[in-house]
Amino acid sequence: MKRVLAFGTFDYFHIGHQYYLNEAAKLGDELYVIIARDDTVKQVKGFKTDENEKTRQKKVANWPTVTKAILGSKKDKYDVLKKYKPDIICLGYDQYAFTQQLQNKIIELKLNTKIIRLPAYQPQIYKSSIIKKAQNAN
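The numbering used here numbers the first residue of the sequence shown as 116 and each following residue consecutively.
Some hints could be false.
[What the hints assert, rightly or not] In silico BS3-like links for lysine-lysine, alpha-carbon gap of 27 Å or less:
hint : residue 1 : residue 2
1    : Lys-160   : Lys-197
2    : Lys-229   : Lys-192
3    : Lys-157   : Lys-117
4    : Lys-200   : Lys-229
5    : Lys-220   : Lys-197
[What the hints assert, rightly or not] The following label-pair restraints were derived from C-beta to C-beta distances:
hint : residue 1 : residue 2 : range
6    : Met-116   : Lys-225   : 25 to 31 Å
7    : Asn-167   : Gln-218   : 29 to 35 Å
8    : Lys-229   : Gln-158   : 17 to 23 Å
9    : Lys-229   : Gly-161   : 18 to 24 Å
10   : Lys-163   : Lys-141   : 29 to 35 Å
11   : Glu-145   : Lys-225   : 17 to 23 Å
12   : Ile-130   : Gln-215   : 27 to 33 Å
13   : Asn-227   : Ile-130   : 31 to 37 Å
14   : Met-116   : Phe-162   : 33 to 39 Å
15   : Leu-226   : Phe-162   : 29 to 35 Å
In case anyone wonders, no lab produced these hints; they're calculated from the structure. These figures come from a predicted structure and were not determined experimentally. Using N, Cα and C, we set each Cβ at its ideal position, and we do this for glycine too.
When you get a sec, could you build the whole thing from the sequences and use the hints?
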């Protein structure tokens with residue numbers, strides 16, 4: 116079984132997220148999705164999500180191409196590599212937090228994991244920050 120690991124915040128779970136997960140799922144037999152913790156999002160992005168981590172996890176878990184949705188570790192962001200030993204890691208077009216050391220961690224853990232960066236799906240429309248602005252305007 117080929118395991119794919121994807122990461123994200125998934126605030127305002129929208130068609131761009133769905134596209135990302137569908138494309139990631141095509142690359143393997145199982146898709147495990149790591150949901151960013153509320154504290155991590157605040158630290159990295161500088162603001163809180165509108166939906167809490169449990170709500171975001173539940174929405175992602177209910178998406179048909181997702182095998183399992185897991186909250187990220189509060190301590191070691193790379194712990195999921197040790198635990199799930201993915202064959203493929205899918206990154207979104209705009210994901211850069213914690214990716215600088217990703218290849219080094221894969222080597223350190225002696226994993227045979229390929230990293231793939233997926234393209235965006237109409238980011239001028241389907242980006243959480245744009246959707247949030249539109250909802251707040253109404």
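Problem set entry | Hints violated by the structure (numbers, ascending) | 3, 6, 8, 9
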